[in-house]
Amino acid sequence: MSLKQTPSQTVGPYFAYGLTPEQYGYDFNELAGGRLVDDETEGERIHIVGRVLDGEGNAVDDAMIEIWQADAQGRYAHPADPRGSNLAFKGFGRYGTGTDPELRFMFDTIKPGSVDGQAPHITMCVMCRGMLSHAFTRIYFSDEANGDDAVLATVPEDRRATLIAEREETPAGIVYRFDVHLQGGKETVFFDL
Amino acid sequence: MTAHGPFSPRDWVSQPPYVWPDYKSTVLRGPTKPLIPLKQTLSEMTGPVYGHECVGPLDHDMTKNARVNGEPLGERIVVAGRVLDEDGKPLPNTLLEVWQANAAGRYIHKNDQHDAPLDPNFRGSGRCVTDGDGRYKFYSIKPGAYPWGNHPNGWRPNHIHFSLFGPSFVTRLVTQMYFPGDPLLDLDPIYKSSPEGRRELMVSNFDLDVTEPEFALGYIFDIVLRGRNATPTQE
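Each protein sequence line maps, in turn, to chains U and H.
So the number in this note's numbering is just where the residue sits in the first sequence, counting from 1, plus 89.
So the number in this note's numbering is just where the residue sits in the second sequence, counting from 1, plus 22.
Next comes chain U alone, as it looks inside the complex:
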C-alpha cells in the first residue's frame, strides 16, 4: 500500500439535491431511489421500512440509507459474481429520511435469495449529518433460517435481534420493519467490512 485512504467526511444535512434529488423534489435525475423493482422483476415483493434513531431515541430527519442486495436467485448485478450478473435487477436503493412525515426510509424491493449458503440478507449503509464515517449493517429476515448464518454467528447473541427485520403481512403487502439505532441499549450491530 503506497497511498493513504482519503478520509471520510459527513454527508451533511444538505445531500438531497445531489444524491436523492427526485425524492426531495429537485430538478435533477437520481441514480436510484426507494423503488428497486419494476413490473418485470422476479421474486417475492417486499417493503422495507424503518427509522434511524439517535442516542435519545429521536428519529433522525437527515439520514441517507443505501441498500445493496442480490436478486431472488442470490445473484449480484456485478462482474465479481461468478454466476453472471442479472442486469434486470440492479439491487441498489437509496432513500433519505427527510420526506416522510414519520421520518421513515422506505424501499420497495424483492426478497433476496441466499448467497453462497448465507441466510438471505441485504447490506445497508447508513450516513447522516453527525456521522463522519458511514456505517455498514445487514438486514436479515425474521422468517428465514438465520441460525446457521456464519456472519450472524460472530455477533453476540444478545445483539443479533438488532439485525433481524420483522415480517408483517399488511393490506399493502409484506412489510419488514428495520429500525436503525445509532446508539443506546438497542444499538444496531455495525460491521467492519
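These are calculated hints, taken from the structure and not from any lab test.
Quantities reported herein were computed from a predicted structural model and do not represent experimental measurements.
All C-beta atoms, glycine included, are put in the ideal place defined by N, C-alpha and C.
The reader is advised that the hints may include incorrect statements.
[To be verified] Sample of chain H residues at the chain U side, in silico, Cβ under 10 Å:
no. : residue
1   : Trp34
2   : Ser36
3   : Pro53
4   : Leu57
5   : Gly148
6   : Arg178
7   : His181
8   : Thr197
9   : Met224
Keeping the supplied structure of chain U fixed, place chain H upon it in accordance with the hints.
Below, chain H without anything else, positioned relative to chain U:
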C-alpha cells in the same frame, strides 16, 4: 480491528471516529459499540455499478446544468484529479457525485436557512465518471463559506461534497474537498476529525496547468479508495 478478504480494511487512522465531540452532532449519532469484523463475502465484494451511461451531457458542468436566465455568479473553477486505490492503481469508469453551496455560501436545499442569496442559475449538484486512466474533471463555481450552529461564530470552510462507490460496496466513500490556504480549516472540527498528516489529503491543490486561460481556476484533487490485499490476510 481488521477486516478480512480481498479488499484492504478501512484505515482507521485516516478515517474519522464515529464520536468526535468537537463536532457536536456526533455525540448522539455516532455508534459507540465496537464494530464487528466481517469476513468479506460476495455481498461485500460486489457493489452498485454506475458508469458513463448514467451521466447526462451537462452533469459535469455546474456552471451550465441549472441555468435559467444567465450564468451563475462567482468564480468559475475546474476541478480535476484521479481516483486511485491504495496501491496507486487508477480506477477507471468510476462515478463521482458532487454537491456544494453556491458562491455566497448558500445551499439550494430547502432546509438551509442561511441569510445569503440563492442563485437562480446555480443548483450545485452534478456527477462525472473517470476515464480509462482514472481521471475526472468537472466545472463549477467556487463555493462560499457558511455559518453553522456547532459552536459560537462557527463557519464551515469552502468545500465540495464528493460521493463515490468504487469497485465494491466496501470501497464506498463520502468526503469533502477543501481549498488550499483557507483560514477556516484550522478552526473546523469536521476537517480536523482526521489527524494531522491525513486531513491534508482532503485539501485540493491550485494548479496553473489545469487552470483554463480566460475562463476558470484549476484545482487538483486526487481521491484514494481502499485497495486490494496482496495476499489473503490471516486471522
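Hints, one by one, checked against the model:
no. : hint   : result
1   : Trp34  : holds, 9 Å
2   : Ser36  : holds, 5 Å
3   : Pro53  : holds, 5 Å
4   : Leu57  : holds, 4 Å
5   : Gly148 : holds, 8 Å
6   : Arg178 : holds, 9 Å
7   : His181 : holds, 8 Å
8   : Thr197 : holds, 5 Å
9   : Met224 : holds, 6 Å
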